[in-house]
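Participant: The primary structure of each chain is shown beneath.
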Amino acid sequence: MHNSRHRCGIVASTLPGTPRITLVSLAALAACIALAGTGTLLRDQTTDHGGLEELLPPEHRSAIGSHVRLVLNDSAAADTWPQIVDQLGPQLPGHFPLAPPPAEARGWIDAHILYRIAPAQHAALAARLEPATMRAASAGIHARLASPLFGVGDESPRRDPLGLRALATEEPGFLRAGPGPIATASGDLLSADGRTLLLYLRTGWSATYLHAWVSAQLAARFAVDTGIEVSVLPITVNAAPTERSPLRLVDLLAAVFAASILVLALGLRRTRTALVLVGVVAVVSPLLVLLADGTGVLDTPVLLALLGLALALAPGVGAAGPGPSLRLALALAPLLLLPYPLWQRWAWVWATGLLLLAAAIRGLAPPLLRLCAARPPAQTLTAGMPARRHWPPLAALALCAALLALGTWSSRHAAELRHDLGAGDVALAAEFFAPSRVAELRATGTDEAAALTAAVDDAARLEALGPEVARRIDAPGSLLLGEAEASARQAALASLDLPGRIDLLRVALTEQGLRPDAFGEFIRALDPNRQPTPQAALAGPLAGWLATRLEHGDGKNESDGEDHGEIAALSRVVLAEALPVDLALPAGLHGPAVFAHDEARSRAARLGLVLAAATWLSAFLTWLAARSLALALTAALVGLSAQAGALALVVAAAGVALPFLLPALLLVGACAAELTGRRCSEPVPQDMHKAPVPGDMHKAPVPEDMQKAPVPGDMQNAPVPGDTPAPPAPATTTPRAAVALACQVAPALVLLASPEPAWRSFGLVLGFGGLLGFMLATHAAPTLCALLGRLTGEEARR
Amino acid sequence: MNPRRLVLVFTTCLCGHVLTDSAPLAQAAPAKPTSTTAPLTPNRNVNKRLELWARPADSPGLSARYQLSRTSSLLYEPLLTAGSLTLTAPDTLELRDDDPRGATTRLTGEALSITANDPALPPGPAPSPVGGPGRRWLQARLFALLLARDPAALIADSQVSVARGPGMRLELSPARNHPARRELQHLQIVLDPDLGEVLEILLLEASGDRVILTLSNHQRPG
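In the order they appear, the protein sequences are chains A and B.
The letter at position 280 of the first sequence is residue 280 when you use our numbering, and the numbering goes up by one with no holes.
The letter at position 144 of the second sequence is residue 144 when you use our numbering, and the numbering goes up by one with no holes.
Don't read these hints as lab results, they were simulated from the structure.
Being a predicted model, the structure only gives us computed values, none of them experimental.
Glycine is no exception: its CB is placed at the ideal position from the N, C-alpha and C atoms.
Certain hints may be false.
[To be verified] Derived DEER-like restraints, expressed as beta-carbon distance ranges:
id : chain 1 : residue 1 : chain 2 : residue 2 : range
1  : B       : Ala152    : A       : Ala63     : 54 to 60 angstroms
2  : B       : Ser63     : A       : Leu583    : 48 to 54 angstroms
3  : B       : Pro100    : A       : Thr510    : 52 to 58 angstroms
4  : B       : Pro100    : A       : Thr444    : 55 to 61 angstroms
[Stated by the list, open to error] Going by beta-carbon spacing under 8 angstroms, a handful of chain B positions derived as facing chain A:
id : residue
5  : Val46
6  : Arg70
7  : Leu79
8  : Asp91
9  : Leu95
10 : Leu112
11 : Ala116
12 : Ala140
13 : Met168
14 : Asn177
15 : Pro179
16 : Gln185
[Claimed, not checked] Selected chain B positions facing chain A (in silico; Cβ < 7 angstroms):
id : residue
17 : Ser73
18 : Leu74
19 : Leu75
20 : Tyr76
21 : Pro78
22 : Arg101
23 : Arg106
24 : Pro119
25 : Leu121
26 : Pro125
27 : Pro127
28 : Ser128
29 : Gly134
30 : Glu183
Construct all of the structure, not just a fragment, from the sequences and the given hints.
Facilitator: What follows is the structure in structure tokens.
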């Protein structure tokens, strides 16, 4: 052992130093203690908040609210259940009917049946109003009344004895009979078996508060204490691949720090150095959490990767100089091109956080190391290591091409971004609808009537989607006509002599033994002066429901109490689970399902965009540092190949959807490109000629910050008394790069061992991509760079 | 012990502890919908009638004559008609009026058609494939009643009681929570006291219409 140390020339560095207590050291120690105090903020920080909604642009997020699900469990409350079904909803805060009240809606439609018939059908309408036709229709009703099932059929003789509904535009879906839930008198939904009631409360009140409110209402108004199960389900869209993890953030941080200590202690063979470096990162980490405004399920892995990479860039571990930190701080910048708010935020958080960590390590670690008399990191055992073999350029090129092809193929087979429905939402989806499939359209106007008039077009656009796409449409515009259209139809109806037809109808009914007065609703509906305009609706039986569909803007004047802002009319639709990829949804339709559909349509384009941007950025930054096109191209190629390989692996391992993994992919590419830049810039050892390299890259100009091989003890620019000067740096970066790689992979291993599928996939990409990038950068990049140097003519120019 | 080894052992143990102590919580199983059948416990009189009703079981069908009377606010006078009923197991029922001015009702599975016997008369609106809750409840009751096979199917989603009046009467109503209650009030059945055959079915609709279907000449093949 002793001889071995002598061989490596590290005897001097292993000698213990003398603790040096200086003002700077004490200040650094005080700063660390103060920063550690912020760690108390993390004590109860969990990682289970957030989710897919953090990837959703704000306009696509579900409105704040909760669904309340009441299940009749036993017969104790059965007597009052019908009253509860019809009357409970309006007693609750923020009650938002999920459908129009059926009786009022049906009555409204039948009362305006003439206006639901398009002018193109007016000839058919006239034929239905012919005396002979009316007599035959009356006889048909009389005949069908002989059936015992006439009353439960779909015929409504009192409201439509002449079958005019067949000529009208299709009725809104909520009025069609079907096996699904039915609307209650207050517009809530009752399951087909009648035992489950669903209410929607558009309020931000907490689930606990709402539960208490509902229970109190049941007890006070309906005298029901037992027999009804009440569940309050806040509307959240969760990340599909995530299970709710019991892990707290501090658990994960502790695991990462422990793994990092292990890695650094083994790699540097300096325990105190490892403890100091990890300690500095640890005390700064609460600031990063504050900077990121807390971390959730999706971004916790990014935070861990940030900590690992900061350690990998620490002096004595990674390359010297601020260049790598500056370049890697831009690693997530391409995420700004994508519409995910969380990743857009993290592009900035990452850059700021990495620079902050780098500054903290450079500022705090050296005095602390002096304070604890840490020795410089041990030298690497390069003397006994076999010479590195570089792959032949064609083989390296073929490997990169294969990885790129594999990645391209994999990107088309990656998991889709889906919405996870928790246990409660699963029940809602089975009995009613999945809340995450609800989308909304907003039609605005200066007043309520104008907003509702604009909503007429929205309803038509939603109806045009068809029942295969729009499972359930709840649009006020489907019951209304604009002023202009109503006037046009009134003019067209004027030629039909409707009063005369009514008299003939009375006669025809009487001839068949039917009482004309029993058909009074229909006869009144033949009055063309009753128009289904927004003004009429706002003064009619649907006014209460329409009020829930109107959202007032923020322009309310407190002084006069009048509203001067815009008013929006809401139209809601429940979209089918599987939408055709080429389907174009109406513009302005917002909701998680709409964004997911958009995501499915543009998945390849978004992935291509972000990878292309990242590749360009890597190449550009490398070129800025090295002023070598060949090196820049090599770095970009290696980075992209590493990303492609990691992508292929995560797809093969049935990982989660790509939007969750974009930061990991970008980090893999950036780290591989960075290592490639350094690897191809360093002087080639003498034994390089053993490898069949057609041209050496050591002739390429070397950037200043890349010229410095990692100097152990660089963090201790002022030599510690008692320390002997550090020996010259080894000619190779590989062993120290391996320690840096291990720091990067350590968080990946922690994530791989976690119970969260999203974290496991993230760890897989980060770990495997890091290893692959390391391998490509150390074995393939030099020869590739040489080859590209010859192709670009750089070598010849030199 | 070497402090360096102590640190390494400590960190290794910490790693292991954090990673192994983080097994995922068992995900709560999604709540399953509760049973659709109301837990009813018929009393002794109801049981007696159900036993009587089940006597003609194990027959693949039924044919009978019927007389129908409908009292409705639509009509000046009650509508009276007669015809023949044919039930073919498991799910086909036809009621054909003798009068050409009457109608033929045909139930096949969930599909319902009511057509006037006079082909010159215009058809009514095409019924929806599944129908509303009232129609589904009534169809299920009619098939169960006439096939006389499955007491559970007969009383599912229903309240069962013994109706007032002479003879062996049974009354079925949609359960209190059932949406069919918005369309139908109850179904009253009169059973043959000896054979258990259904002699009369009285249907009271929520609209106030009252339909009485009187069956005679029951014939069960096989």
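Participant: Against this structure, judge whether each hint is valid.
Facilitator: Against the structure, the hints come out as follows:
no., hint, result
1, B:Ala152 <-> A:Ala63: 54 to 60 angstroms, "violated (44 angstroms)"
2, B:Ser63 <-> A:Leu583: 48 to 54 angstroms, "holds (52 angstroms)"
3, B:Pro100 <-> A:Thr510: 52 to 58 angstroms, "violated (21 angstroms)"
4, B:Pro100 <-> A:Thr444: 55 to 61 angstroms, "holds (59 angstroms)"
5, Val46, "violated (16 angstroms)"
6, Arg70, "holds (6 angstroms)"
7, Leu79, "holds (5 angstroms)"
8, Asp91, "violated (14 angstroms)"
9, Leu95, "holds (7 angstroms)"
10, Leu112, "holds (6 angstroms)"
11, Ala116, "holds (4 angstroms)"
12, Ala140, "violated (12 angstroms)"
13, Met168, "violated (21 angstroms)"
14, Asn177, "holds (4 angstroms)"
15, Pro179, "holds (5 angstroms)"
16, Gln185, "violated (11 angstroms)"
17, Ser73, "holds (5 angstroms)"
18, Leu74, "holds (5 angstroms)"
19, Leu75, "holds (6 angstroms)"
20, Tyr76, "holds (5 angstroms)"
21, Pro78, "violated (10 angstroms)"
22, Arg101, "holds (6 angstroms)"
23, Arg106, "violated (10 angstroms)"
24, Pro119, "violated (11 angstroms)"
25, Leu121, "holds (4 angstroms)"
26, Pro125, "holds (6 angstroms)"
27, Pro127, "holds (5 angstroms)"
28, Ser128, "holds (5 angstroms)"
29, Gly134, "holds (4 angstroms)"
30, Glu183, "holds (6 angstroms)"
Hint compliance for this structure: hints 1, 3, 5, 8, 12, 13, 16, 21, 23 and 24 are broken, all remaining hints hold.
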